[in-house]
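With chain B's structure known, arrange chain X on it following the hints.
So the protein lines, in turn, are chains B and X.
Heads up: the first sequence at position 94 corresponds to 93 in numbering that gives the first Met the number 0, and the numbers run straight through without jumps.
Heads up: the second sequence at position 10 corresponds to 9 in numbering that gives the first Met the number 0, and the numbers run straight through without jumps.
If you're looking for bench data, these hints aren't it; they were derived computationally from the structure.
Nothing here was measured: the structure is a model prediction, and the numbers come from that model.
Certain hints may be false.
For chains that are exact copies, the list does not tell them apart, and a pair is met inside one copy or across any two.
[Stated by the list, open to error] Derived SDA-like pairs: lysine to any residue, alpha-carbon spacing no greater than 20 Å straight-line: (1) Lys99 / Leu45; (2) Lys99 / Thr65; (3) Lys99 / Leu66; (4) Lys99 / Ala38; (5) Lys99 / Phe7; (6) Lys99 / Gln41; (7) Lys99 / Thr4; (8) Lys99 / Pro42; (9) Lys99 / Gly6; (10) Lys99 / His8; (11) Lys99 / Phe16.
2 protein chains.
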Amino acid sequence: MTPLTSGFHPPYYAVIFSNQRTEMDAGYGDMAARMLALAAQQPGYLGVDSVRNAEGSGITVSYWRTLDDIAAWRRHTEHTEARHAGRAQWYRDFRVRIAKVEREYGWQIQDGTADPAA
Amino acid sequence: MTPLTSGFHPPYYAVIFSNQRTEMDAGYGDMAARMLALAAQQPGYLGVDSVRNAEGSGITVSYWRTLDDIAAWRRHTEHTEARHAGRAQWYRDFRVRIAKVEREYGWQIQDGTADPAA
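Pulled out of the complex, with its shape left as it was, chain B reads as follows (with noise of 0.2 Å):
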């Protein structure tokens, strides 16, 4: 997860999904893989950071420009698919959260100095 996004310019969407992955690979690395691929490939897509540790929690968090760009992914075909293999065997404990970015700052060792909202 290097660099983190940044400079999306609120507001704009975040999906924030937490979850506890099961003990069960069955591909699971391959299908997160494509998801991320092709989630970049829709429209209004803005990125994503994602971070998950050894005990198998995670959270991950993309951004989007409109509601409507993400439901619109949320009903791609092969989005769709993913998510019922998510729930039937790669997913112990998930929790989505559709939310809407009103501010963004952050700062980077590079420089040193603040950079509100690029």
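Structure of chain X alone, referenced to chain B:
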């Protein structure tokens, strides 16, 4: 990060903190634990999900009832000091987003049923 936070009744607010750690430890773990405990005592705090991987990439999402609650926590003296120390030594790169959660839903393997916005 088990169990996942849930059931906060939108609308509420999320602080999405994505970050990349430096190599420096220097009390980071103690500070992080202290900040999580202190945040949980603040008015309007709802919960937090946090994950960091072995490469030092982290995403912490804290949930709050109102923007004023977030602003008050931001002004908290000990939190302010921790943020300054974070910029000085612990984080190579970070991004903070303030977002209004409009929808929440989830699923748990225990019952196998969708759990729309509790």
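Hint-by-hint comparison with the structure:
no., hint, in the structure
1, Lys99 / Leu45, "both (13 Å within a copy, 18 Å between copies)"
2, Lys99 / Thr65, "both (9 Å within a copy, 14 Å between copies)"
3, Lys99 / Leu66, "both (9 Å within a copy, 13 Å between copies)"
4, Lys99 / Ala38, "within (19 Å within a copy, 22 Å between copies)"
5, Lys99 / Phe7, "both (12 Å within a copy, 16 Å between copies)"
6, Lys99 / Gln41, "within (19 Å within a copy, 23 Å between copies)"
7, Lys99 / Thr4, "both (16 Å within a copy, 19 Å between copies)"
8, Lys99 / Pro42, "within (17 Å within a copy, 22 Å between copies)"
9, Lys99 / Gly6, "both (15 Å within a copy, 18 Å between copies)"
10, Lys99 / His8, "both (12 Å within a copy, 15 Å between copies)"
11, Lys99 / Phe16, "both (14 Å within a copy, 15 Å between copies)"
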